[in-house]
Structure formats: C-alpha cells, structure tokens
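There are 2 protein chains.
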Amino acid sequence: MHILIIGAGGMVGRKLAGTLGRSGSLDGHRITRMTLADIATPPVPPGVVAPVEALAVDISESGGAQALAAYRADVIFHLAAIVSGEAERNFELGYRVNLDGTRGLLEAIRREGMRETYVPRFVFSSSIAVYGSPFPDPIPDDYVLAPLTSYGVQKAISELLLADYSRRGFVDGIGIRLPTIVIRPGAPNAAASGFFSGILREPLAGQRAVLPVEETVKHWLASPRSAVRFLIHAATLDTSSLGVRRTLTMPGLAATVADQIDALRRVAGPEAAELIDRRRDEVIEGIVAGWPKSFTPERATQLGFTAETSVDELIEVYLAEDAPGASRGD
Amino acid sequence: MHILIIGAGGMVGRKLAGTLGRSGSLDGHRITRMTLADIATPPVPPGVVAPVEALAVDISESGGAQALAAYRADVIFHLAAIVSGEAERNFELGYRVNLDGTRGLLEAIRREGMRETYVPRFVFSSSIAVYGSPFPDPIPDDYVLAPLTSYGVQKAISELLLADYSRRGFVDGIGIRLPTIVIRPGAPNAAASGFFSGILREPLAGQRAVLPVEETVKHWLASPRSAVRFLIHAATLDTSSLGVRRTLTMPGLAATVADQIDALRRVAGPEAAELIDRRRDEVIEGIVAGWPKSFTPERATQLGFTAETSVDELIEVYLAEDAPGASRGD
Ligand SMILES: NC(=O)c1ccc[n+]([C@@H]2O[C@H](COP(=O)([O-])OP(=O)(O)OC[C@H]3O[C@@H](n4cnc5c(N)ncnc54)[C@H](O)[C@@H]3O)[C@@H](O)[C@H]2O)c1
Ligand SMILES: NC(=O)c1ccc[n+]([C@@H]2O[C@H](COP(=O)([O-])OP(=O)(O)OC[C@H]3O[C@@H](n4cnc5c(N)ncnc54)[C@H](O)[C@@H]3O)[C@@H](O)[C@H]2O)c1
Chain W
1 MHILIIGAGG
11 MVGRKLAGTL
21 GRSGSLDGHR
31 ITRMTLADIA
41 TPPVPPGVVA
51 PVEALAVDIS
61 ESGGAQALAA
71 YRADVIFHLA
81 AIVSGEAERN
91 FELGYRVNLD
101 GTRGLLEAIR
111 REGMRETYVP
121 RFVFSSSIAV
131 YGSPFPDPIP
141 DDYVLAPLTS
151 YGVQKAISEL
161 LLADYSRRGF
171 VDGIGIRLPT
181 IVIRPGAPNA
191 AASGFFSGIL
201 REPLAGQRAV
211 LPVEETVKHW
221 LASPRSAVRF
231 LIHAATLDTS
241 SLGVRRTLTM
251 PGLAATVADQ
261 IDALRRVAGP
271 EAAELIDRRR
281 DEVIEGIVAG
291 WPKSFTPERA
301 TQLGFTAETS
311 VDELIEVYLA
321 EDAPGASRGD
Chain Y
1 MHILIIGAGG
11 MVGRKLAGTL
21 GRSGSLDGHR
31 ITRMTLADIA
41 TPPVPPGVVA
51 PVEALAVDIS
61 ESGGAQALAA
71 YRADVIFHLA
81 AIVSGEAERN
91 FELGYRVNLD
101 GTRGLLEAIR
111 REGMRETYVP
121 RFVFSSSIAV
131 YGSPFPDPIP
141 DDYVLAPLTS
151 YGVQKAISEL
161 LLADYSRRGF
171 VDGIGIRLPT
181 IVIRPGAPNA
191 AASGFFSGIL
201 REPLAGQRAV
211 LPVEETVKHW
221 LASPRSAVRF
231 LIHAATLDTS
241 SLGVRRTLTM
251 PGLAATVADQ
261 IDALRRVAGP
271 EAAELIDRRR
281 DEVIEGIVAG
291 WPKSFTPERA
301 TQLGFTAETS
311 VDELIEVYLA
321 EDAPGASRGD
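Here the protein sequences line up with chains W and Y, keeping their order.
So for the first sequence, the UniProt record's numbering puts the first residue at 1; every next one is plus one.
So for the second sequence, the UniProt record's numbering puts the first residue at 1; every next one is plus one.
Chain W extracted, bound-state conformation:
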C-alpha cells in the first residue's frame, strides 16, 4: 500500500507520518511506500520502518498537483493549508492554496483516472471553522455551513468539491472537520485560537501565558493524537454509507476555559494555574464569539470516531507524546 501525505511537514502531518511510518501498516495492509510532501521538503520522522520519500511540492503551482497524482498512491491525506489568520490577511494566497490547491489535486486525480482507472481514498482535513454564528449550541450534523472567515469558506468549498468528485466516482473522498487541536506542541503562535493551547502548554513548562478571553468561553477541542486517529480511521472506514455528505464533524470535548484551568490545577498544581495572566483582548474576544461551542457529531460517532472526554486527558496526551522530551514527540 502506497500512502501519500500532503502537508506532511505540518504539526498534524508529522505526527501522522510518524504514527503510520512506525507501525508500518494501515488497516492490516503493509505500507510498501510512503511519500511525504510539503512546500519545503518535510522531515522523515524517526523510527519509521516503511520506505519513505520526502519531497518539496507546491500544490498551488501549476504541475504540483499533477506530479502528486502521478504517484497513484492508494491513500492520499491532504493536510496542506494556509491557516486561518494568514488566509484572512492574505486573501489571494488563501484562495490559491486552500481552494485552488485542493481543487487542483482533485482535478489531477480525475485526469490521472482518465488515463487509467484510479480512484484513491482521499482524506481531507476540514475544520469546524466552516460554521459561523448564529448557531444553536450544540450544532447538529445537518446545520448550514456559514463560515465567518475566508479560511472557513475555502474549507467549505473544498468539502463541496470533495462531495461532487466522490459522487461522480473520481475519488473515494472523505472529509473530517477537526476540532481545535489542544495541546498544540511547539512555540506559541499568532493564531487567535493559540491561547487554548497556550494556557496549558506554557504553565506546564513553568512559563507564563496570557488568557485574552473570559473563563466562560467554551470551545470544541481534541488532542493531536485524536487528530491522527481520526485521519487513520477515515482512511480505512467503509465510505459507501456516506452518500454525498462526505465530510463529518469530528467528536471532541466541549470545554470552557474554566474547565481547562481546573484540569491544569489538578494535573500540575495550583501554582501552575497562577502562571496565567488575564488580559482581555477585544479583538480576540470578538473572533472567538463567532466560533462553535459544541456539536452533536452523531454521524461520526456512529462510524466509530472517538475523542477525549476531559481536559485532563488532553494534558496527559501532551505530556506523554508531544511535550519537549516526551517519548514519542514527533
């Protein structure tokens, strides 16, 4: 089985490549070849047993998608994206990568299939950013997608394309709407959602963190480990029951900031919680107010997707897998 990961240099992509590469198999099939692609050559994770090749490809450039489709991989994970804040700042770049890049991949696969039958499993990482307020809490599976950012629009459009290309038999597509990933490893970043990870990650390392919103703010979270499990489950499940609704909201944990701080106290002691500086930021508060708080992800749950159920677990996953020095940090 040949696996292609596009966006393999990113946070989720590295972890997926490490998990698959070390296990050497997917759903009982031996991985005979693994191709890791990103805009710059992505790292090959340590301990990988499958034969790996890493390459630099820009999916938004002419020829990039065709080159990737020509590999005729059995399973393609498409994780490459310009993230939310950047897509909002740079309108053209966001559309070029998140819309044209995804469409280019689907179209290149269709054309590859015109040459000789080719219908790969195509796993697309969408986002709960496809939802925008006003909405009910929780949001049901059949609620309208009304994104409040260009990134969310680009993901929602990609979902529609994935559905149509799948209905027409050009790919065997499945999209998964990832919750916000907490605790995101690495340095703090400028994303508006960054504090959801920061208020745990920094205090766990004995450092101060800023909380820009009120403690009552509730959001939908899952760990990086869950993200990887979702992707692997999506790559292997029977898609025949999906119909045209090819993208599923993933399960997650609806936690308030107060829930997060309570868990931090339980795991790392009250002094850790005191490292959080409350400094309200109206811009961030405004953005976060438009974000989903919770879901009833019935379809995904019925199909066997599962996630963490407490912030304590999110912290445990981080300490075990993703914190600096953790045994399996990719």
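Just to be clear, a hint being listed does not mean it is correct.
Residues of chain Y clear of chain W, computed beta-carbon distances all greater than 10 Å [claimed, not checked]:
1. Ala40
2. Arg72
3. Asp142
4. Ala146
5. Ala268
6. Glu298
Pairwise CB distance ranges (calculated) [said to hold, decoys possible]:
7. Glu61(W) to Arg245(Y): 51 to 61 Å
8. Asp142(W) to Ala205(Y): 35 to 45 Å
9. Gly24(Y) to Asp281(W): 46 to 56 Å
10. Asp141(W) to Ala56(Y): 37 to 47 Å
11. Ala289(W) to Phe91(Y): 33 to 43 Å
12. Ser310(Y) to Glu61(W): 50 to 60 Å
13. Ala70(W) to Asp277(Y): 34 to 44 Å
14. Arg168(Y) to Ala70(W): 48 to 58 Å
15. Thr306(Y) to Ser241(W): 34 to 44 Å
16. Phe91(Y) to Glu61(W): 19 to 29 Å
17. Ser133(Y) to His29(W): 27 to 37 Å
18. Gly169(W) to Pro46(Y): 43 to 53 Å
19. Phe91(Y) to Phe91(W): 48 to 58 Å
Note that these hints are calculated values from the structure, not bench results.
Because the structure is a prediction, the values reported are computed rather than measured.
For every residue, glycine included, the Cβ atom is placed at its ideal position computed from N, Cα and C.
Place chain Y with the ligands on chain W using the hints.
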C-alpha cells in the same frame, strides 16, 4: 444608474431586461444605461425606454469577466449559467461557467475596486438545487446545503464565494435561490423538471403533454414574474442585516402534481386535463425524489419577498405575460 444583466438572453434575463427597460427606473432611480450581455448577443426587448447596449461575452473565457467589470455598473444581475442537466452531462463545462465564471466576475470586480473604489450591488441567481435529500419537509433556512448534482454544487460554491467577497467588502452581494419556474414559456426542454411546466403549458395550447411521475410528487414553484420581482427586490433592499448569510431561499408555492392538474381543470376545463399522458419514467422519478418539496423561507419573507400562493395564479401569470401572443411576452 447603470444596470448590467449577465445572461440577458436567457428566459429570466429577457423578462428582467424587458421589465426594467420598460419601466426606465429601479427603486426610484432613473436607469441611464442598461447593458445586456450573454454568450451570444442577446435581443433588446421591445418597448425599452432606457438606453440599451447588447453584447456577446463569454464569462468563462479569459478577459470576459474583466470586460464586464470594467463597465462599473451600479447593479449587476448575474444570471448566466449552464443548467442542471447540461452541467451533469458536461462536467468541465459546468465548472467552467458556473464556478469559474462566477468567481471570475467576483474577482474582476475586486480588481476593478483596487484600481478605484467600486462596490456594486451583485445579485446572483442561485437555485434550490443546492439542497439534496435526505431533508425535512419543509426545509428551514438554516439547513445544510448538500447538493445532489454538479450544478447544485457549483451554485452552493458560488453562494460561499458571494458571502466571502461581500464580507470582505469587495461587492455588495445578495443571492436568491429561485424555486423551479412554472410555467416556463417556450418549447418543451429536456430538463428533468420540464414536465412541471409542460403539463400545464402544452394542454393550455391544446397539445398533449407527458407526466413522468406520480401525482403525489410535491415541489416548490414560482412564476417567471415572481423570479423577476425577486431579482428587482434583491437589487434594491438593504443588505446590512444579512450578515454572511447572503443567499436567501425565495418564497414559492408547494404544489403537488395533483394540485397542478386540479388548477388546470379549473382554468381550462376537464378536457385540458385529459391531454396529459401518464407515462412513468424511473430515471426522472429517481431524480425528482431527491428534490426539495417545500421550504419555510422565513428570512426572505421577513425581507419582503413574496410569491404566488396557488397554481391558478401561476397559470394566470402565464396567460397574461408569457403565453404566445400575451400582451407582455418577452
Ligand atoms: N491544528 C488545528 O487546530 C486544526 C483544526 C482544524 C483543521 N486543521 C487542518 O488540519 C490540517 C493540518 O493542520 P496543522 O495544524 O498540521 O497545520 P500546519 O500549518 O502545521 O500544516 C500545514 C502544512 O501545509 C503546508 N503547506 C502550506 N501551503 C502549501 C502548499 N502550497 N503546498 C504544499 N504544502 C503546503 C505547510 O507548509 C504546512 O507544513 C490543515 O489542513 C488545517 O487546516 C487544523
Ligand atoms: N428557470 C428556473 O427554473 C431556475 C431555477 C433556479 C435557478 N435558476 C437560475 O436562474 C438563472 C437564469 O435561469 P434561466 O431559466 O433564465 O436560464 P437560461 O438557460 O434560460 O439562461 C441562462 C443564460 O446564460 C447564458 N450563458 C451560459 N453560459 C454563458 C457564458 N459562458 N457566458 C455568458 N452567458 C452564458 C445562456 O446563453 C443563457 O442565455 C440561471 O442562473 C439559473 O441557474 C433558474
């Protein structure tokens, strides 16, 4: 006020051009210029008082959209489309016109605005084909778009683009999801929905018509006159309350085929209803089964959109405006 109608040679476009051109004003503003564009030079409707120019432009060809944006019209009606059946048969053509064509127009307007401020009202004709079964009956305004055709996908994507370009301030966009238009004037066409008009139009002209589905089939209908009224209302209403949900499901009439036949009997006598040949067609039955039956178009209703409430009215509109020889047939 300068008005641009793209797709002005089509069924709805001609009627809109005639209505606006004869009235000479829109919302109290005198129409100082009217530009009618279509892939072939569209006809100038009779009786038009506003200065009119008709031109051939292919919106899917490079330069086509730019040429239209360069007119800097105050109000743009974008009606050009490859219809459902054709977009299903010709995958590439549908995407080129219905997706790339619409995106090209929005993008050309954005670029025109980079040269010098330009934020026209942009009225986009979407379709209830953005909905696909399973769905509740009636379908509420916040129900997920899950199209079952490439045409529906292209319309749903265009709605998302319209929302994002409007949110970013590049256009003042509004989309309206038209019901199936009944009675569509002219010759029978090959559309799967054709019989909804045919079983009325042909018997009213003393000709036989084929009914390919059961009489219990229910669908969402409005007249060509309502379509034109929706467009004009959309061109003039205050869009500030729309938020990112820029496209509205239009009001219509939920009528069964039996309702249609009853109305035909009332208006044209029992002998008219006997001109309908019942010949079930499983392919058409399958397609129609995935179509919406009715809606609760609350947002549009609150904004003042109204439509017919009986099939009798649909027939009266046809006889008054659209039938061969009617006084205002465009
Ligand atoms: N992390 C989250 O909380 C979260 C939540 C929802 C959805 N997602 C989605 O999951 C996916 C992975 O997320 P992540 O957190 O790993 O993001 P990331 O930013 O860490 O990784 C994205 C990768 O895509 C690559 N990329 C960007 N443009 C490219 C191009 N033109 N060609 C090739 N590669 C390109 C980047 O170099 C980067 O390595 C993304 O699609 C993201 O939108 C993430
Ligand atoms: N009639 C209906 O029942 C109905 C229902 C829902 C939505 N709509 C939508 O309303 C709009 C008008 O519908 P209609 O019934 O008048 O359709 P129509 O087919 O009669 O008119 C569409 C027009 O678009 C033009 N066109 C196609 N490709 C073009 C291109 N590349 N460049 C320029 N022009 C091009 C065609 O030449 C045609 O004149 C369409 O967008 C349609 O999708 C119609």
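Do the hints match the structure? See the list:
no., hint, in the structure
1, Ala40, "holds (29 Å)"
2, Arg72, "holds (21 Å)"
3, Asp142, "violated (5 Å)"
4, Ala146, "violated (5 Å)"
5, Ala268, "holds (40 Å)"
6, Glu298, "holds (13 Å)"
7, Glu61(W) to Arg245(Y): 51 to 61 Å, "violated (34 Å)"
8, Asp142(W) to Ala205(Y): 35 to 45 Å, "holds (43 Å)"
9, Gly24(Y) to Asp281(W): 46 to 56 Å, "holds (53 Å)"
10, Asp141(W) to Ala56(Y): 37 to 47 Å, "holds (46 Å)"
11, Ala289(W) to Phe91(Y): 33 to 43 Å, "holds (41 Å)"
12, Ser310(Y) to Glu61(W): 50 to 60 Å, "holds (57 Å)"
13, Ala70(W) to Asp277(Y): 34 to 44 Å, "violated (53 Å)"
14, Arg168(Y) to Ala70(W): 48 to 58 Å, "violated (36 Å)"
15, Thr306(Y) to Ser241(W): 34 to 44 Å, "holds (41 Å)"
16, Phe91(Y) to Glu61(W): 19 to 29 Å, "holds (24 Å)"
17, Ser133(Y) to His29(W): 27 to 37 Å, "holds (35 Å)"
18, Gly169(W) to Pro46(Y): 43 to 53 Å, "holds (48 Å)"
19, Phe91(Y) to Phe91(W): 48 to 58 Å, "violated (28 Å)"
Checked against the numbered hints listed earlier, the structure breaks hints 3, 4, 7, 13, 14, 19; every other hint is satisfied.
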